[in-house]
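Protein sequences, first through last, are from chains A and B. All residue numbers for the first sequence refer to the numbering used here, where the first residue is 1 and numbers rise by one. All residue numbers for the second sequence refer to the numbering used here, where the first residue is 1 and numbers rise by one.
Treat the hints with caution; some may be incorrect.
[Claimed, not checked] Computed Cβ-Cβ distance ranges for the label pairs, DEER-style:
| id | chain 1 | residue 1 | chain 2 | residue 2 | range |
| --- | --- | --- | --- | --- | --- |
| 1 | B | Asp-19 | A | Ala-31 | 45 to 53 Å |
| 2 | A | Leu-119 | B | Asn-376 | 52 to 60 Å |
| 3 | B | Leu-295 | A | Pro-41 | 43 to 51 Å |
| 4 | A | Gln-140 | B | Lys-345 | 43 to 51 Å |
| 5 | B | Ala-161 | A | Ile-84 | 55 to 63 Å |
| 6 | B | Ile-301 | A | Phe-120 | 38 to 46 Å |
| 7 | B | Glu-430 | A | Leu-123 | 34 to 42 Å |
| 8 | B | Tyr-153 | A | Val-118 | 41 to 49 Å |
| 9 | B | Leu-146 | A | Leu-112 | 22 to 30 Å |
[Claimed, not checked] Incomplete in silico selection of chain A near chain B, CB under 8 Å:
| id | residue |
| --- | --- |
| 10 | Phe-33 |
| 11 | Gly-46 |
| 12 | Thr-87 |
| 13 | Pro-100 |
| 14 | His-133 |
Read the hints as simulated data drawn from the structure, not as lab findings. Even glycine gets a Cβ: it sits at the ideal position worked out from N, Cα and C.
The residues making up each chain are set out below.
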Amino acid sequence: MSTTRKRVYGYLAEFQSASALYKAAQKVRDAGFKKWDCYSPYPIHGLDGAMGMKRSILPWFVFFGGMTGTATAFTLAYTTQVVIYPTVVQAKPANIFTVPAFFPVMFELTILFSGFTVLFGLLGLIQLPRLNHPLFASKQFHRATDDGFFIAIEARDPKFSPNQTKELLAEIGGDNIELVEEED
Amino acid sequence: MAHHHVTSADIAINGDHLDVSKVAKVKTIALAIAALGTVVSLYLLFFAPEKMRGCYSYSWLFAFYFFLTLSIGGCFWTLLHNVSNSGWGTSVRRTFENLGSTYPWMFLFGIPLLCPQVQQYLYEWMNTHRGAHGNVKEHLHHVDHLLYNKYWYMNIPFWYARVIFWGVGLSAVIIFLRKLSTAQDTDPQPTTKRLFQARFHSTYTLIIFALTITFTGFDFLMGLDYKWFSTMWGVYLFAGSALNSMAVIVLVAAWLKSQGHLKHVTTGEHFHIMGKLLFAFTVFWAYIAFSQFFLIWYAGITEETSYFLIRNTGNWNTAMIFLVFGHFVVPFVILLQAWLKKNPKTLSIMAVYTLAMHVLDHYLITIPERGISLGNINPKVFGGITPSIPGAFWGDILAFVTIGAAFVFFLLRAVGQHSLYPNRDPRILESANLSN
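So here's chain A without its partners, still in its complex pose (with noise of 0.2 Å):
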């Protein structure tokens, strides 16, 4: 038997459909939580606006990402081909109006780095990978994966109150509602 006491995670709630999800989660997000999710097996349209979530500032991550991307690759051109080492072919001149030929690799750079951005900066923003999470102490949370629509709320969250918490989550109709503890 242990001393130490278990940390509380949140409160965790079942939903019979992912309309009753959607609705639960525009309650949610009216009673102003702020750390809390939706679990579902599938996609839901439209249920990052019904959970109020902002949009992500991971397009001006991209945005300038593929800017170093042009930036290299212009950089990378111009040094080899006009600086160290010009190559004159067909009387071309090598100079910055050879700019043309240094598209491609631009335009492939920029891409690249894009790609890079896109998923590094993802991968950073929302916390993956990681080895385990806390809701997978749940027994039914499994579920999350095959049938189960969820919502689980925090106990950080500010406004995280053991008994009110619980019954706006009954009152927006969740089902098998738990308060999920973190393992040791």
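Model the placement of chain B on the given structure of chain A, informed by the hints.
For chain B alone, coordinates are given in the frame of chain A:
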């Protein structure tokens, strides 16, 4: 997100009609300008002093082809919407069809280009053909081997046959498709029959569209310099055509919405999709324009480089460099924003801007050839080969305003003829509740 879910109760049962009296004044003014401009243009094309006739031929070709691309694009979006089985655009499809329906009228403005009096200043290859005594091919064999080799395609009877087909073929396609669509508006039993018919007939007629945009470009524009050719030419013109017809569609839809029409059936979501298409074709245009330039610049073959030698030197070069930034870089960065595309007002501003760049694009396609060709044809009258002929741009403006006024007239006429959206289309509710 919490917008009203559109049901059949929100759809106007007898259609959403434009109050024609509201646009009557604009239509009358447009028609008057077009009629007056046409009379002046016919004088300038056929009866004016030779210098004016020569210069104005190019002005007319520029304005004619510019507005033709917008009409052809309307046909393209109609065909594409049908053939791709799309649901999103049903509530704006009538606008596609209305724009496409201006095609037969716009093509009529090409009639002067069928007359040898005008052709003699535009198409030097025709002069060589017409100058032959007896067998044309035999004559070409002696005077110009390039024209001899191209004879199977570049001969006058075939040219006329093709041009008549471009005019008649696509006109028949768009008239048929629009009739099919508008007949449904009043049908008490609107089944899915017409939907499937439109889809089926749009498949093979899409080929007529593709041939029309490609080969009108060859016959009217590439033929200005018979030595020059580009395999990207048709795609390049198509890119500009699809992009700018979408800009016109955005403007018409935004205007109708601001007048209280298309209520319930179009939302910011529709404008978002149209904005995305505008963005996509901005990129596509740049991709094709660059590919054309790049391959020609890289290969450095004499016949091919002439196009860019004229346009990428002297003052034309400034305009060409401006085109790169104005037609691609600036709209690319601006159209990346999603909020801008969802707002009909901001998207309309971008549509107007895109159209302005299309004017520049087509000006640079047709007009730089003028000083070169005319100086070559008759140096005594036109003063030798020059990059540009001073004062000739007034004609460009006149031709543009004339055909542009006619375009506005026929577009408004088409918009006023039928319901502004296909109110009995089986997909209208799917389209109205669009979310993307």
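Indices of hints not satisfied (ascending): 9, 10, 12, 14
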